[in-house]
Each structure stands twice: as structure tokens, then as C-alpha cells.
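Peer 1: Modelling step: build the complete structure from the supplied sequences, incorporating the hints.
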Amino acid sequence: MESTLTEEFKAKAAHICARYPRRDAALIPLLAEIQKEHGFIAEEAMDALARLLEIPYSRVKAVTTFYTMFKRAPAGRYHLQVCRNISCHMAGAPGLLESLRAKLGIKEGETTRDGLFTLSAVECLGACGSAPVMMVNEIYFENLTAGKLDAVLEDLRHNRLKDLGL
Amino acid sequence: MENILLKDNVADLESYFASGGYKPLKKALALNPARIVEEVKKSNLRGRGGAGFPTGLKWSFIPQHAGCLRYVVCNADEGEPGTFKDREIIRKNPHALIEGMAIAGFAIGANHGYIYIRGEFSAEAVLLETAIAAARAKGFIGKNILGSGFNFELFVHRGAGAYICGEETALLESLEGFKGQPRLKPPFPAVKGLFASPTVINNVETLAAVPAIVEKGGDWYASIGRGKSAGTKLFCVSGPVKKPGVYELPLGTALGDLLEKSCGGMKEGRRLKAVIPGGSSTPVLTAEEARDVKLDYESLAAAGSMLGSGAVIVIDESQCMVDLLRVLARFYHHESCGQCTPCREGCGWIEKILNRLEEGKGSPGDIDTLYSVAEGMISRTICPLADAMAMPVMSFVKKFRGEFEAHAAGKTCALRTALAGKSEAEPGSAI
Numbered sequence: 001m002e003s004t005l006t007e008e009f010k011a012k013a014a015h016i017c018a019r020y021p022r023r024d025a026a027l028i029p030l031l032a033e034i035q036k037e038h039g040f041i042a043e044e045a046m047d048a049l050a051r052l053l054e055i056p057y058s059r060v061k062a063v064t065t066f067y068t069m070f071k072r073a074p075a076g077r078y079h080l081q082v083c084r085n086i087s088c089h090m091a092g093a094p095g096l097l098e099s100l101r102a103k104l105g106i107k108e109g110e111t112t113r114d115g116l117f118t119l120s121a122v123e124c125l126g127a128c129g130s131a132p133v134m135m136v137n138e139i140y141f142e143n144l145t146a147g148k149l150d151a152v153l154e155d156l157r158h159n160r161l162k163d164l165g166l
Numbered sequence: 167m168e169n170i171l172l173k174d175n176v177a178d179l180e181s182y183f184a185s186g187g188y189k190p191l192k193k194a195l196a197l198n199p200a201r202i203v204e205e206v207k208k209s210n211l212r213g214r215g216g217a218g219f220p221t222g223l224k225w226s227f228i229p230q231h232a233g234c235l236r237y238v239v240c241n242a243d244e245g246e247p248g249t250f251k252d253r254e255i256i257r258k259n260p261h262a263l264i265e266g267m268a269i270a271g272f273a274i275g276a277n278h279g280y281i282y283i284r285g286e287f288s289a290e291a292v293l294l295e296t297a298i299a300a301a302r303a304k305g306f307i308g309k310n311i312l313g314s315g316f317n318f319e320l321f322v323h324r325g326a327g328a329y330i331c332g333e334e335t336a337l338l339e340s341l342e343g344f345k346g347q348p349r350l351k352p353p354f355p356a357v358k359g360l361f362a363s364p365t366v367i368n369n370v371e372t373l374a375a376v377p378a379i380v381e382k383g384g385d386w387y388a389s390i391g392r393g394k395s396a397g398t399k400l401f402c403v404s405g406p407v408k409k410p411g412v413y414e415l416p417l418g419t420a421l422g423d424l425l426e427k428s429c430g431g432m433k434e435g436r437r438l439k440a441v442i443p444g445g446s447s448t449p450v451l452t453a454e455e456a457r458d459v460k461l462d463y464e465s466l467a468a469a470g471s472m473l474g475s476g477a478v479i480v481i482d483e484s485q486c487m488v489d490l491l492r493v494l495a496r497f498y499h500h501e502s503c504g505q506c507t508p509c510r511e512g513c514g515w516i517e518k519i520l521n522r523l524e525e526g527k528g529s530p531g532d533i534d535t536l537y538s539v540a541e542g543m544i545s546r547t548i549c550p551l552a553d554a555m556a557m558p559v560m561s562f563v564k565k566f567r568g569e570f571e572a573h574a575a576g577k578t579c580a581l582r583t584a585l586a587g588k589s590e591a592e593p594g595s596a597i
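Chains A and B supply the protein sequences, listed in that same order. The letter at position 10 of the first sequence is residue 10 when you use the working numbering, and the numbering goes up by one with no holes. If you want the working numbering, it's the 1-based position in the second sequence plus 166.
Bear in mind the hints are in silico, worked out from the structure with no lab data behind them. Incorrect hints may appear among the rest.
Straight-line Cα separation of at most 27 Å, DSSO-like style, residue types lysine-lysine; simulated pairs [said to hold, decoys possible]:
1. K193(B) <-> K309(B)
2. K148(A) <-> K433(B)
3. K345(B) <-> K61(A)
Peer 2: Printed below as a string of C-alpha cells:
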């Protein structure tokens, strides 16, 4: 099973582990690396990582499922994460979510059939002064309006936000 | 007065250095470490993450016997709803944080530091890594800093999405590669913290204030602010004001001045209804209570609330308090780590009852049940997340009981019905 981790990954892992007095402290950064590479964290990868760090698989699974940013299944190319907490809520987040559900034909937790968009409602993203806020993959879009949201969707559909890393 | 934390044109090392940056580190390295702790004590600097514990006192708890590893950890897991100040410091003044951590390390005898930053702040994590690399290249971080013989390594550690990791012992668990479940205290982190070693954990804003204190002295810092609430504080204002954002002001500034002078007042046509003064966990103030209150630890405590993280959430008359509390309950229920029954079950029940009320399926008895569930959660758990849910519930119900009763009796939310047509016609129209 350990073969699912590439030599390149193992080299990177050794580098990250060196930041801590105990190698297993690197578990969360390494799960993030796996997700960055594969888009999600498969059972096999959890198992391989457990062996690499010499910790029980149950701990890797527990940690993977505890943190909301870790995905255990592939998501769409663009993961739309709309903040639903208090400041964004007051600034119109429910309307934005409603509009995304209608435009994409999916509910929270679902992915469009073309594999382009996954929709999620998430908790406070720490950008409340520029509410409402949406995170697409790792990029923040702030001070959203209905019009701005449409423009972002169009830009993503036409792959026009490559400069932002999207 | 001049800002201490939020400055322009100091984001990169060259300009930070040119404006006097890293001089305090040099000064600190020539002092006796105990003298630095004394100076921080004298400054009356208190934790800016929410708890407000005196920083110098926290540092002084670190055992100083030889041969023991110690750590400095920065809490950059900014997650308290309404809070967005640490992000601003990291963007505008990252070297103040890095320098503050190096000074803290020297003061307590720690050679390693970690900045635990919430996973969503990926751009800010990169900014910090770049800034640390620049500081290392100039010899401000790393081995034998400025020829002093003091070594300090500093790493950025990204979280992965969990509000609870803002609680200091949950943060340590997470930093060690476990689920973010808070630890029983004692032992406190100062005695047994990261990797079972003595550890100082401070918020970004707290650590970033340290270089100025070392440079200008504890007395200088203590002279800013009001009484025991010394120094400046970053206030994060969100909600329907003209200019929401982060403002650095002396502690003791009137909430009214923050909203009127800094934020330009309410947006056109909006009337103030309530203010949550210190992040979503702190008790709400009515417009009447908010009018004259001063923003400092003691004044807000006297008003029945807390300074918390300085997150001022402004609520206007167009908002339904039952609906807003439901949003908060959904959040705390989602974020409860599940260790303690009163929190895990209590947050769940509170959300359930609020959903019922908001959906018109409530009954008059629900309001007392809601209140008593919240009351039963206070001080009965390992960490304060349960209290963080209970405080808004109790204050919302006490101060806006009429709205809750109207929901229970009228079987619907009158405000929602009135606004429904408008918001559905144009999503995001409230902006």
C-alpha cells in the first residue's frame, strides 16, 4: 500500500516532518499535501500515510474526518464555498446560495454533472468586513453581489481566472 | 494617535527595517530575559484573542530550569465569527509578528516557534512563509541571531478547518497531529504544552504588539488606553455600517465613536438594533446599551458583555433576532468537538428549538426550554465553547424576548414574511 505514495511525496514528507520533534506532528500538513496532489484523500492514501508516520490508521482517519477542509471524495474542479455565518448571513449569503443552487442545479454537498462545480455552505471564513464572502478552492471572493457572483461563475466557466491559480 | 500595529508600507522586510523594525529585537537580545518579561508585565498588555489574560504574567509562568525545551506558539486560527483582524496584521505588518515571536522566544528561553494559521488563509500562510524566509536571510530568525548566540527557528503550520482549534489546548492537539479536542487544565500549557513542554501561546495581535513595548517601554504602552485596559486594540466592524473594516483605536474608545467616526455611521436607511461587541460568543447589547459603552475589558464586562476578540457585529432593524441566533446555533453545533455532553447535546438542542421557532412550529414553552438548556451548559465543560453558545442564547432571549414570543405565538417570523418577496426577487439585495 505504501507504494501509493510517490518518492517525490516521501521526500517532501521528510522535509515537513523535520519541522517537528515528533514526525507524526506532520500528519495534518501531509494530509493537505495529499489533497493538493490528488484533489481528495483516498482510503489507500490514509493507510499509506499511517504506515509512513508509523501511527495507527484509525488516527489518520479520525483526523481526516475531523477537519472540514479535508475531502474524502473527488470534488468539482471549482469548489464554491459560501460563508453562511452571521455577518455574511446579514449581508445576503442566503440569497447568494439560493442563486447558486438555481443556476447550477445542485444543492450543498453536490457536484454539477460536468464536474466543474461543487457547492458548499461553510462557516465563518474570517473576512466579515467584506461580507458576503465565497471561497473558490483557496481563493477568496469578497463583497459579493448578485452581479459579481454571476461574473465569477462566467469567468470560471471560461477558465479566465488562471492568474488567480483557479 | 499613531497606529502601533496597522501601519502602511511596512509589509516587506526592507521597509519594515527602514522604519525601525528589528531594532527592538536587537535591544531585547542585549537585555536579561527576565527584564523583558517584567517590561511586558508593566505594559499591561493582555491577550487579544478573546480571553484577555495578562501577557507578561502568562510568560512568567514558564519554568526556567535548565535543559527543558520550551515553545512559543502563535494562535492565528482566527475563527471567531466577526473577527478578521489577524489577517490584516499578517497582510500589512507580518514582521511585527515575527519579531514579537523572536522576542517572546528569547524572553522565555524557547528556541522554536510555530504560527498556527487557519487552513483557509492560504494566501496569508504564503505571506508569512515569505516574510520568515526574508527574516532568516537577514539573520533575524535562525541560528545565532544578530551574533547573540540565541537560536530561534520559526515555522508556519496550517490548520485544516475547525473553529475549536482557536482554543489554545485544542490548537496544541492539532499542532501535534491530532483531532482538535481541548485538554483538561491543569496542567496549563505554560507547564505542559506543546509536545509536553512549557509553552506560551499568544494571539497574533498580542505578539505583534511586543516589539513596540520593548522599544518604547512598558510604561509607554500602559499609558495608552483606559485604566487596566492598556494599549490599542484592533476592532473589526461588520454589518450594515458605511465603512466596515478593521480599525486600530486605544482601548476605552466609545463604541458610538467607533461606529460614527470610524465607520461613518449606519448605511442609508438602516437603524441600529443591536451590537455583538466582541465576536459571536459574547453577549449581545441592545442599541440603547451600545450607545454609551466604552470598548475596554472592564467597561464591557460591567455592561454584561465582553471585549472578546474585538469583533463588533452591527445588527440593524431589518434583522430577525431568532433567525440570527439560529445561524449562530448552527455554527456552534457544527463546531462542537463532541467531547463533552453538555456542549455536544446542548448545541444540538438549541439549534433544533430555534429551527422549530423560525419555521413556525414552535410552542410558547420553547423559549424557557431554550434558556434552561443554555444555562445548563455554562461552566460544565472542558473548554468554553459551550459557554460561547450559551451566552448569545441567554442574552438574545433576555433582551429580545418579545421576538421569540412572537415566533412561538404567531407560528411564523413576521419580519421574514415581510422581507421574503424582496430578497427572493433579487438575491443578495441586502448588500
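Peer 1: Does each hint fit the structure? Answer for all of them.
Peer 2: Here's how the hints hold up against the structure:
| no. | hint | result |
| --- | --- | --- |
| 1 | K193(B) <-> K309(B) | holds, 17 Å |
| 2 | K148(A) <-> K433(B) | holds, 21 Å |
| 3 | K345(B) <-> K61(A) | holds, 10 Å |
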